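Chains as they are written, first to last, in this note's numbering: chain P, 1 to 331; chain G, 1 to 331; chain A, 1 to 305; chain H, 1 to 266; chain R, 1 to 266.
It should be emphasised that the hints constitute simulated quantities derived from the structure, not laboratory data.
Please read all numbers here as calculations on a predicted model, not as lab measurements.
Ideal placement from N, C-alpha and C gives every residue a C-beta, glycine not left out.
Wrong hints could be hidden among the right ones.
Unchecked claim - Under the rule of at most 16 angstroms between Cα atoms (straight-line distance), these lysine to aspartate or glutamate pairs were calculated in the EDC-like manner: (1) A:Lys215 <-> G:Glu161; (2) H:Lys118 <-> P:Glu199; (3) A:Lys164 <-> G:Asp305; (4) H:Lys177 <-> H:Asp84; (5) A:Lys236 <-> A:Asp166; (6) A:Lys270 <-> A:Glu281; (7) A:Lys236 <-> G:Glu161; (8) A:Lys40 <-> P:Asp305; (9) A:Lys35 <-> P:Glu199; (10) R:Lys177 <-> R:Glu15; (11) A:Lys253 <-> A:Glu281; (12) R:Lys130 <-> G:Glu199; (13) H:Lys130 <-> P:Asp305; (14) A:Lys47 <-> P:Asp305; (15) R:Lys118 <-> G:Glu199; (16) A:Lys236 <-> A:Asp295; (17) A:Lys136 <-> A:Asp166.
Claimed, not checked - To spell it out: a stretch of chain A is covered by chain P in this simulated footprint if at least three of its residues, at any positions, have a beta carbon under 8 angstroms from a beta carbon of chain P; those stretches are: (18) 33-44; (19) 47-54; (20) 183-192.
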Amino acid sequence: MSTIAKFKPGVQTPVLPFWKSALLMPSVGPLVVLLLFCLFFAFTTEHFLTPRNLSLVMQQSVILGALAIGQTLVILTAGIDLAAGGITVLAMVIIGRFALEGLDPALCILLALAVAIVLGAVSGTLVSRLRLPPFIVTLGLLGIVTAATRLLSMGNSYPIENDLAAFFGNGFTLSGARVTYGMLALLGLYAAVAFALHETWWGRHVYAVGNSPAAARLVGINVPRILLSVYVVAGLIYAFAAWLALGRIPSADPNALQTANLDSITAAVIGGASLFGGRGGVIGTLIGTLIIAVLRNGLTLRGIDPLWQDLVTGVLVILAVAADQLYRRRW
Amino acid sequence: MSTIAKFKPGVQTPVLPFWKSALLMPSVGPLVVLLLFCLFFAFTTEHFLTPRNLSLVMQQSVILGALAIGQTLVILTAGIDLAAGGITVLAMVIIGRFALEGLDPALCILLALAVAIVLGAVSGTLVSRLRLPPFIVTLGLLGIVTAATRLLSMGNSYPIENDLAAFFGNGFTLSGARVTYGMLALLGLYAAVAFALHETWWGRHVYAVGNSPAAARLVGINVPRILLSVYVVAGLIYAFAAWLALGRIPSADPNALQTANLDSITAAVIGGASLFGGRGGVIGTLIGTLIIAVLRNGLTLRGIDPLWQDLVTGVLVILAVAADQLYRRRW
Amino acid sequence: APARAEEPMVVGLITKTDTIPFFVKMREAATEEAKKHGVKLVASTGKFDGDTESQVAAIENLISVGAKGILITPSNSTAILSAVKEARAKGIVVIALDTPTEPADAVDATFATDNFKAGEYQGAYAKQALGGKAPKIVMLDGTSGSSVSELRHDGYLKGMGLAKGDPAILGAQFTNGATDKAQAAMENLLAAHPDINAVYSINETAAAGAYAAIKAAGLEKDIVLTAIDGGCAGVKNVHDGKTAATVMQFPRKMAALGLAAIVEAAKGGKKPAGFVDTGAEVITDKPVEGIPSKDTKFGAEACWG
Amino acid sequence: MRMSQQGSDPRLVFEGRGLTKRYGHVTALDGTDFELRAGEVIAIIGDNGAGKSTLIKVLSGAIRPDEGELRLDGAPVHFKGPLDARAKGIETVYQELAVAPALDITANLFLGRELRRKGALGRVLGMLDKRAMREKAVEHMETLRFNIPAIGNPVEVLSGGQRQGVAVARAGAFASKLVIMDEPTAALGVRESGQVLDLIRTIRDRGLPVILISHNMPHVFEIADRIHIQRLGRRVALTSPKEHTMQEAVAIMTGAVPAPTPAAAA
Amino acid sequence: MRMSQQGSDPRLVFEGRGLTKRYGHVTALDGTDFELRAGEVIAIIGDNGAGKSTLIKVLSGAIRPDEGELRLDGAPVHFKGPLDARAKGIETVYQELAVAPALDITANLFLGRELRRKGALGRVLGMLDKRAMREKAVEHMETLRFNIPAIGNPVEVLSGGQRQGVAVARAGAFASKLVIMDEPTAALGVRESGQVLDLIRTIRDRGLPVILISHNMPHVFEIADRIHIQRLGRRVALTSPKEHTMQEAVAIMTGAVPAPTPAAAA
Ligand SMILES: Nc1ncnc2c1ncn2[C@@H]1O[C@H](COP(=O)(O)OP(=O)(O)OP(=O)(O)O)[C@@H](O)[C@H]1O
Ligand SMILES: Nc1ncnc2c1ncn2[C@@H]1O[C@H](COP(=O)(O)OP(=O)(O)OP(=O)(O)O)[C@@H](O)[C@H]1O
Ligand SMILES: [Mg+2]
Ligand SMILES: [Mg+2]
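Throw the hints in and build the complete structure from the sequences for me.
Below, the structure is given as structure tokens:
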């Protein structure tokens with residue numbers, strides 16, 4: 001080590017061997033934790049490692065996983081989105097209600113997308129132009145969205161009977177495991193957002209704005225526009241999450257997803273995102289989502305009493321993040 | 001203005017007239033908003049400005065107000081406490097259950113305080129020593145605390161029949177308004193914490209740690225110790241809030257305070273605290289708490305349908321913070 | 001892992017939440033009953049009332065585990081049906097507890113109280129207790145959008161003989177069934193309407209909060225406060241005169257009967273079917289004409305606290 | 001009276017008149033004037049707190065002045081933000097550096113000026129040309145001959161001087177109209193400072209004027225064509241290394257001797 | 001061979017041997033030695049990235065070295081953090097200043113060293129003596145003769161130089177054993193730099209040794225008793241203004257000429 005470690009004058013390029021730099025990637029820590037949990041449940045329960053069950057874990061991650069992408073984008077800009085779950089539910093109810101009333105389901109989905117984008121634009125504008133704290137803006141928006149959902153649904157939930165609306169619930173079976181289009185769409189969404197974050201100028205600017213808004217402004221980045229775009233994209237993703245959700249649970253339930261905000265923030269933080277912005281990424285969030293889903297699935301398979309599940313989950317989540325921290329210091 | 005504004009060499013001391021520096025105090029913005037809301041409800045409802053009703057608003061602010069002090073302390077260190085409500089409820093159930101089982105109520109209260117302090121110490125240690133994100137630590141703790149509460153109560157709520165446990169519900173009547181000891185204790189608590197924050201070295205260090213942990217460490221502040229102390233004090237305050245709560249509500253209900261975390265963070269942010277730490281203070285939080293209570297009370301007095309209340313509250317909270325921001329830019 | 005023939009049979013119980021006593025008691029009873037029959041009970045719960053996602057996941061996980069039967073209190077009467085269908089297709093007996101599904105025959109059987117009816121009892125009692133006075137009521141509801149909350153609410157109004165939106169309804173607030181929220185809501189409603197004479201509350205913990213507010217206003221003699229549930233603390237409040245009446249339900253009975261039915265079916269016996277009403281009783285020490293009721297002595301023995 | 005003999009020859013590129021900026025009861029800029037002529041290096045010197053950084057922030061669009069006007073090539077301009085100034089080809093090294101600590105050296109060098117892939121990938125998808133940026137980044141840092149560890153390191157782990165090097169390299173690489181540098185050599189070593197002075201000369205030789213703020217009088221007198229002396233929020237003199245010695249300039253700057261002429265009216 | 005003739009006379013106050021600090025694949029300190037003698041001002045010079053700041057961070061407890069040992073007054077010390085060093089009377093001006101931006105000048109001056117009220121109020125309640133701190137703060141800033149707007153201003157609104165003034169004043173006011181200053185005059189004007197040099201002299205006259213990192217060779221040669229030349233993470237020479245000229249020192253520092261002797265072994 002000490003030969004490559006020697007400090008030489010001039011510009012130096014990294015000399016880490018590939019395996020080492022791979023181990024340094026920020027999402028490796030959470031990934032290791034995820035694998036450890038999987039190993040644990042594989043050895044201590046009978047059914048965990050069956051294709052059927054693994055497919056279930058994936059299916060159970062679809063809604064939260066999609067939603068958490070939008071949340072992560074907002075967190076990357078040092079924000080927090082308390083309206084994530086609310087917007088998703090509103091979009092679900094819009095699709096459910098208008099489809100039931102006979103509107104063309106494609107139109108319903110477009111309408112939901114449009115509403116979510118407008119809502120994202122509203123919070124984005126308030127955050128970027130009036131520079132209000134995202135916490136307050138999205139909390140306020142949550143109130144508005146919740147009321148809109150209730151007024152629209154009057155407490156009813158709408159069964160999804162249309163093929164297009166429920167499309168993402170379809171799929172095929174691959175060596176015993178059911179693969180839904182929703183799962184594929186989720187992976188596609190992650191790939192797309194990861195691409196946008198790491199391979200485009202927009203992603204660069206998102207990180208810069210989150211990491212140091214003052215510096216971003218001074219170097220000539222249009223900070224308000226980037227912020228606005230993030231909230232709009234997040235809104236779009238929430239609406240898409242709503243569509244995925246209808247594929248998984250064929251009913252637009254105005255009461256769904258009440259813990260989605262907390263869960264999605266948790267997934268992002270477990271995955272290594274910093275609530276102070278500019279650090280972390282969506283791949284970590286995907287792993288964080290899977291960690292949460294594996295925990296829930298595994299604990300139920302082990303037959304842990306729900307009274308204790310909260311406790312065990314709490315401890316394990318702390319352990320997961322602690323392990324990640326130790327891992328990072330180690331390398 | 002231009003004579004005092006002239007930039008002179010040497011050290012200059014501020015030359016603002018008293019009224020102007022008073023108007024510049026950070027909690028004046030929220031205070032103005034609070035007064036505006038009060039004025040609005042005074043003119044548009046019949047009962048708002050009665051001594052009885054104002055007393056109610058104060059009484060309704062006691063629990064959240066107390067809890068929000070602990071939350072604000074944690075926020076000042078750039079943390080967030082998702083276990084605030086959970087610890088308070090656990091403390092309530094401890095007092096309620098053991099008092100009902102015949103344990104000396106003074107002992108019960110001490111026990112609750114001790115448990116809360118230990119819990120605070122646990123999260124404080126994890127945050128300060130292992131440097132885990134407060135969001136995850138307190139979320140994990142919430143899981144543990146919730147489970148403990150359920151195991152302890154098995155879903156039952158415990159009526160509070162003991163005088164000591166219910167002490168803070170007593171009080172006297174002052175020109176038609178009921179003044180409870182709980183209200184006085186709340187104000188006392190605010191005064192004490194405001195004193196500690198602004199007049200002692202400890203408070204200075206809390207602000208320094210929140211504002212710039214790296215600088216605080218370099219100047220020789222024992223950052224982990226300050227963090228630990230903040231979480232411990234917060235725990236103590238939550239237990240005290242539990243005692244205040246038992247004076248107000250007639251039973252230790254494990255189902256209570258479900259929105260307390262969100263509400264207390266909201267109160268702090270409305271009151272001008274920054275979630276990035278080091279900015280804001282408890283007086284702002286007191287005003288934030290009152291704003292929330294006045295809104296709830298006033299909207300009910302106006303007979304707004306609960307379906308719409310969320311919406312109106314959302315809009316008004318955004319307006320409140322926007323007004324505060326504009327106010328600050330103005331001066 | 002090798003299949004073990006001696007593995008005990010697995011039965012699942014899925015409640016809406018595990019925060020309120022109703023469901024806690026239901027699970028206690030199921031656990032006891034399971035022990036009696038030597039079966040393994042795997043319990044799961046939603047995170048909040050309306051958390052269909054967790055319930056669907058729980059059904060899926062129970063199918064994975066190879067459960068023989070599932071007892072579920074559906075958070076949403078339609079949203080879980082596709083998962084239920086999958087379970088039944090695998091030969092799992094599914095019984096709805098407390099809340100029926102829509103359609104009701106989507107599950108094998110339903111063991112429940114009729115929440116609408118329970119609300120109706122409450123309303124009818126209050127109407128009689130008002131003794132001809134024009135009702136001026138406020139409603140302390142549960143969680144917004146929860147079906148139980150709405151059924152009880154609507155039932156109460158029917159019992160009162162009022163239509164939705166009747167001007168006699170002076171106000172309503174969501175309390176999440178929690179004491180603190182109910183108390184604040186009641187205080188504010190009383191400040192706006194000092195002439196309230198009847199209060200509907202979603203459950204007994206909410207009623208306890210409402211009573212505190214009413215007492216502080218000195219109106220405990222003038223207001224008919226009623227509740228639903230049948231927990232021991234709630235019955236005691238009736239006994240102490242804090243609430244006029246409560247409508248008792250029997251969650252323990254639902255769970256115990258349901259579990260026994262599943263065990264029987266699994267052993268090759270008769271499959272349960274149809275709607276089994278586990279009953280509801282008005283508990284009061286001030287009986288009124290036309291409403292059958294039991295006194296608090298009965299209540300104290302039958303309560304589930 | 002004009003102070004600088006060659007003052008009126010080359011045309012005015014950038015000009016500020018009566019620029020004022022107040023913060024509460026502190027007047028950071030008190031109606032100061034400013035001018036920059038084509039192809040020159042103008043140095044701004046002044047005590048700490050004299051308003052130098054505030055002045056260049058007004059010039060770079062980072063701050064909007066309370067009063068006064070700016071003219072670029074004779075036409076009035078109103079910058080709404082640094083973006084507007086950058087769009088006109090003005091690059092700035094701020095005293096506080098304006099780097100994103102968590103991003104790596106390459107990303108910081110190209111922040112807000114990212115190179116995109118050729119073709120649709122770049123135009124439509126906005127895809128970055130990471131390889132080209134990386135190569136250019138190495139190149140830029142090599143020209144400054146700085147000791148930089150791995151170019152993929154986040155800026156936060158760099159030493160104070162290395163970080164400043166990144167900010168300077170960025171401004172040097174992208175300016176097309178003029179370059180503003182606020183104390184670019186403050187954290188730099190002797191060798192590195194010399195290299196930054198070389199860079200300034202290169203930029204001037206490319207025909208771009210440079211505004212340089214520095215407390216280092218030998219540097220100023222080595223490189224500046226003219227010197228703008230700022231004191232208590234105003235320009236008290238506009239001189240040149242030929243007209244005044246270092247000692248004289250410092251004396252004017254600190255107020256030890258009165259300014260030679262009411263330059264603010266010049 | 002010892003380089004410095006007067007080297008062995010005054011006793012060693014602070015001494016480091018074989019200090020090494022690695023960051024991943026960068027070796028910031030490569031077994032460097034260090035020594036400080038009673039009553040002297042020692043200057044550390046070196047290129048950017050030579051490891052100067054890392055060295056003084058090891059000395060001030062901000063960083064724990066991977067290898068090597070520290071001796072204070074001849075006894076080995078192990079600092080767990082800056083707090084330990086401060087408890088021994090070591091005050092440091094860090095290159096990144098270590099100020100809390102939202103706190104005002106007074107609060108920053110006394111950060112971690114707050115004055116408490118006399119009597120029980122201070123001892124038991126830990127109550128601050130705000131008035132005394134305020135008066136002392138004005139006094140300290142006056143000695144530096146800095147232009148400072150209201151002393152109640154948060155540090156974040158100060159100019160770069162003013163902010164540095166606050167950090168320097170703090171170190172000067174509280175040291176009881178030795179003072180470490182990492183580029184204390186980097187952002188300072190000519191006059192203010194002079195005043196900081198005066199402050200350093202005052203401190204030395206109070207009998208405290210001073211470690212000064214600076215890129216400003218005239219300053220170094222004006223004030224230093226000895227000069228520690230750092231290069232690529234090692235001490236390559238320990239010399240003094242009497243032994244080498246400025247040009248020679250710079251040549252050693254940049255590696256243009258080899259170090260006169262393997263000083264690292266001295
Ligand atoms: N936390 C860190 N992680 C990785 N590398 C680091 C870290 N801190 C410092 N370095 C590297 O160590 C080397 C020495 O840094 P140091 O700050 O000590 O230099 P310096 O001599 O003070 O330079 P300057 O004169 O520019 O302040 C630099 O190359 C720097 O990039
Ligand atoms: N945001 C602000 N709020 C209040 N005062 C400010 C603000 N920014 C600058 N000032 C004040 O304006 C004055 C001029 O600051 P400026 O940064 O322009 O000085 P400078 O000449 O660049 O000094 P230095 O050489 O120290 O960098 C200072 O007294 C400073 O305290
Ligand atoms: Mg400046
Ligand atoms: Mg350095």
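Checked hints:
1. Only pairs whose Cα atoms come within 16 angstroms are accepted, and Lys215 of chain A paired with Glu161 of chain G is accepted, the gap being roughly 15 angstroms.
2. A threshold of 16 angstroms between alpha carbons decides the hint, and for Lys118 of chain H with Glu199 of chain P the separation of about 14 angstroms falls inside it, so the pair holds.
3. Restraint check for Lys164 of chain A and Asp305 of chain G: satisfied, since their Cα atoms lie roughly 13 angstroms apart, inside the 16 angstroms limit.
4. About 13 angstroms separates the Cα atoms of Lys177 of chain H and Asp84 of chain H, which keeps this hinted pair within 16 angstroms; it holds.
5. Distance hint between Lys236 of chain A and Asp166 of chain A is unfulfilled; the C-alpha atoms sit about 32 angstroms from each other, more than 16 angstroms.
6. For a cut-off of 16 angstroms, the pair hint linking Lys270 of chain A to Glu281 of chain A is broken: about 29 angstroms separates their Cα positions.
7. Pair hint Lys236 of chain A plus Glu161 of chain G holds up; C-alpha atoms about 13 angstroms apart against a cutoff of 16 angstroms.
8. Taking the CA atoms of Lys40 of chain A and Asp305 of chain P, the gap is near 11 angstroms; set against the 16 angstroms cutoff, the hint holds.
9. Annotation: proposed proximity of Lys35 of chain A to Glu199 of chain P is violated, straight-line Cα distance about 58 angstroms (limit 16 angstroms).
10. The straight-line distance between the Cα atoms of Lys177 of chain R and Glu15 of chain R is roughly 14 angstroms, inside the 16 angstroms bound, and the hint therefore holds.
11. In summary, the hint linking Lys253 of chain A to Glu281 of chain A is supported, as the alpha carbons are separated by about 13 angstroms, within the 16 angstroms threshold.
12. As the CA atoms of Lys130 of chain R and Glu199 of chain G are separated by approximately 8 angstroms, the hinted pair is consistent with the 16 angstroms bound.
13. Only pairs whose Cα atoms come within 16 angstroms are accepted, and Lys130 of chain H paired with Asp305 of chain P is rejected, the gap being roughly 51 angstroms.
14. The straight-line distance between the Cα atoms of Lys47 of chain A and Asp305 of chain P is roughly 14 angstroms, inside the 16 angstroms bound, and the hint therefore holds.
15. A hinted pair counts as satisfied when its Cα atoms are at most 16 angstroms apart, and Lys118 of chain R with Glu199 of chain G qualifies at roughly 14 angstroms.
16. For the proposed pair Lys236 of chain A and Asp295 of chain A, the alpha carbon gap of about 11 angstroms is at most 16 angstroms, so the pair holds.
17. Taking the CA atoms of Lys136 of chain A and Asp166 of chain A, the gap is about 10 angstroms. The hint holds against a cut of 16 angstroms.
18. With 4 residues having a Cβ less than 8 angstroms from any Cβ of chain P, the stretch 33-44 of chain A passes the three-residue criterion, so the hint holds.
19. Three residues within the 8 angstroms Cβ limit are the bar, and the stretch 47-54 of chain A against chain P gives 8, so the coverage statement holds.
20. Interface restraint, the stretch 183-192 of chain A with chain P: violated (0 residues with C-beta to C-beta distance below 8 angstroms; minimum three).
In the structure shown, a violation is registered for the earlier hints numbered 5, 6, 9, 13, 20, in ascending order.
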